[in-house]
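K.L.:
Spelled out, the chains give:
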Amino acid sequence: MLDALLERFRQGDRRALAQLLSLAARGDQLETILDRLGLPAKPSRVVAFTGSAGVGKSTLIGRLIDVLRKQQTTVAVLACDPQSPLSGGALLGDRVRMPSNPDDGVFIRSLAAAPGQGVLAGHLDALVRITEAFSFDNVLIETVGAGQGDTDVRDLADVVVLLFQPESGDDIQGEKAGLLEIADVVVIHKSDLPGAEKTESQLQMALHLSAHTANVPILRVSGRTGEGIDALWSAVQACPLRRNHLSVSSRALLRLVRENLESRLSQTEANHDPAWLAILEQWRQGTLSNTQAVAAAWKLLRSVN
Amino acid sequence: MPTATVPLRIVLAKVGLDGHDRGIKVVARALRDAGMQVIYAGLWLTPEAVVRTVADEDANWLGLSILSGAHLTLVPRVIQLLNEAGLGHVGVMVGGIIPEGDISKLTHMGVARVFGPGTALPDIVAFLHYRSTAGHA
Numbered sequence: 000m001l002d003a004l005l006e007r008f009r010q011g012d013r014r015a016l017a018q019l020l021s022l023a024a025r026g027d028q029l030e031t032i033l034d035r036l037g038l039p040a041k042p043s044r045v046v047a048f049t050g051s052a053g054v055g056k057s058t059l060i061g062r063l064i065d066v067l068r069k070q071q072t073t074v075a076v077l078a079c080d081p082q083s084p085l086s087g088g089a090l091l092g093d094r095v096r097m098p099s100n101p102d103d104g105v106f107i108r109s110l111a112a113a114p115g116q117g118v119l120a121g122h123l124d125a126l127v128r129i130t131e132a133f134s135f136d137n138v139l140i141e142t143v144g145a146g147q148g149d150t151d152v153r154d155l156a157d158v159v160v161l162l163f164q165p166e167s168g169d170d171i172q173g174e175k176a177g178l179l180e181i182a183d184v185v186v187i188h189k190s191d192l193p194g195a196e197k198t199e200s201q202l203q204m205a206l207h208l209s210a211h212t213a214n215v216p217i218l219r220v221s222g223r224t225g226e227g228i229d230a231l232w233s234a235v236q237a238c239p240l241r242r243n244h245l246s247v248s249s250r251a252l253l254r255l256v257r258e259n260l261e262s263r264l265s266q267t268e269a270n271h272d273p274a275w276l277a278i279l280e281q282w283r284q285g286t287l288s289n290t291q292a293v294a295a296a297w298k299l300l301r302s303v304n
Numbered sequence: 000m001p002t003a004t005v006p007l008r009i010v011l012a013k014v015g016l017d018g019h020d021r022g023i024k025v026v027a028r029a030l031r032d033a034g035m036q037v038i039y040a041g042l043w044l045t046p047e048a049v050v051r052t053v054a055d056e057d058a059n060w061l062g063l064s065i066l067s068g069a070h071l072t073l074v075p076r077v078i079q080l081l082n083e084a085g086l087g088h089v090g091v092m093v094g095g096i097i098p099e100g101d102i103s104k105l106t107h108m109g110v111a112r113v114f115g116p117g118t119a120l121p122d123i124v125a126f127l128h129y130r131s132t133a134g135h136a
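Residue numbers (numbering that gives the first Met the number 0), protein chains in the order written: chain F, 0 to 304; chain P, 0 to 136.
A portion of the hints provided could be inaccurate.
Incomplete in silico selection of chain F near chain P, CB under 7 Å [as the list claims (entries may be wrong)]:
1. Gly-87
2. Leu-91
3. Arg-94
4. Val-95
5. Ser-99
To list a few chain F residues with every Cβ distance to chain P over 12 Å, as calculated [said to hold, decoys possible]:
6. Ser-51
7. Asp-154
8. Leu-218
9. Gly-285
Simulated from the structure, these hints should not be mistaken for lab results.
Cβ coordinates follow ideal geometry from the N, Cα and C atoms, glycine included.
So here's chain F without its partners, still in its complex pose (with noise of 0.2 Å):
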């Protein structure tokens, strides 16, 4: 079935990516599709938008697919929005802030992400990957609305805008530094609302205080009149293609390391190797300290197989 469905995918059938999204989403047969794509024709220009819930993600990135759509590009959207930690539901409403016509050149999907991932879903480099060998011109990554700290983005896109608001606070002096760090352009959006002055220049202070963001642009934006969407478009544009590569490359091989670990590990208990629960009973009982039972455990694994 699943070749069925990469065929389908590769003669450029959109159910069928948005299908093989689904499969990658929840981890299923993940790593067979990512040995199938093998690698894009032509890399997308990856951009992920983050900042604070509220601030206006999904309404600018409404805006700019219709300015993508204007220079005849196409788009693909992976929009995260967060996944009920009680219910394992989400209400996933970005869509509705984005353009709503039917268009071939646009793709929209919606993603949960999981309570202590952080601010993306799950297997997300995997989504761009697939996305990308869809051979969208773009691809427009909406985190679920960043807080201090929420930094992987970086490592999955080319260029990372990060979003503000008029009258954000003093917040904006020291707290957000993580993520001033890893903004290739600062927007000020709302910039229609009073206030976006103080807040640039808050900005501007914040950015210069260190070499490495002395330079990255800040740009006042407004969905609502529309106010600097092409500027925008144009700073990103001039960003360099800067993704990286091998972070990305190391995240897979270190999620395969993990599964396969795992697996091996629930094999191992599912099996009551004699064993393993010996290790367990001595580590319970305080015989073995942690890193004796870490080597105890990979020595056991080594021998399983």
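Using the hints provided, position chain P relative to the given structure of chain F.
P.N.:
Frame of chain F, contents of chain P only:
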């Protein structure tokens, strides 16, 4: 094909010129709380836009809310487009103001169930769970 362990993905949308979205938002919240992935597509959508959303989101269900009285025009159009797009397996449910006499017309067109005003939210959840585990959508 979805199994019981895969969360159900449902698109909720309003078609046509009808801006009353309180009901659909309440339903969206209830389905989320029941563990489903709810894609809220918004209002004033064309049938074409709704079907495109169902396709791209790879949803198993579509919930349409209609309070404008245009259900006998809009619903068959959506179902026709779903079938043309190879999405005949997607379950369709309708909510809103649907006159008693029209309910059987809609179910004959292929609507799985019509939920009118006063429906208890757990009934919608139970219906979707039942239909999904029974392998209907």
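K.L.:
Evaluate each hint against the coordinates.
P.N.:
We went through each hint and held it up to the structure:
{"no.": "1", "hint": "Gly-87", "in the structure": "5 Å, holds"}
{"no.": "2", "hint": "Leu-91", "in the structure": "5 Å, holds"}
{"no.": "3", "hint": "Arg-94", "in the structure": "6 Å, holds"}
{"no.": "4", "hint": "Val-95", "in the structure": "4 Å, holds"}
{"no.": "5", "hint": "Ser-99", "in the structure": "4 Å, holds"}
{"no.": "6", "hint": "Ser-51", "in the structure": "21 Å, holds"}
{"no.": "7", "hint": "Asp-154", "in the structure": "25 Å, holds"}
{"no.": "8", "hint": "Leu-218", "in the structure": "27 Å, holds"}
{"no.": "9", "hint": "Gly-285", "in the structure": "38 Å, holds"}
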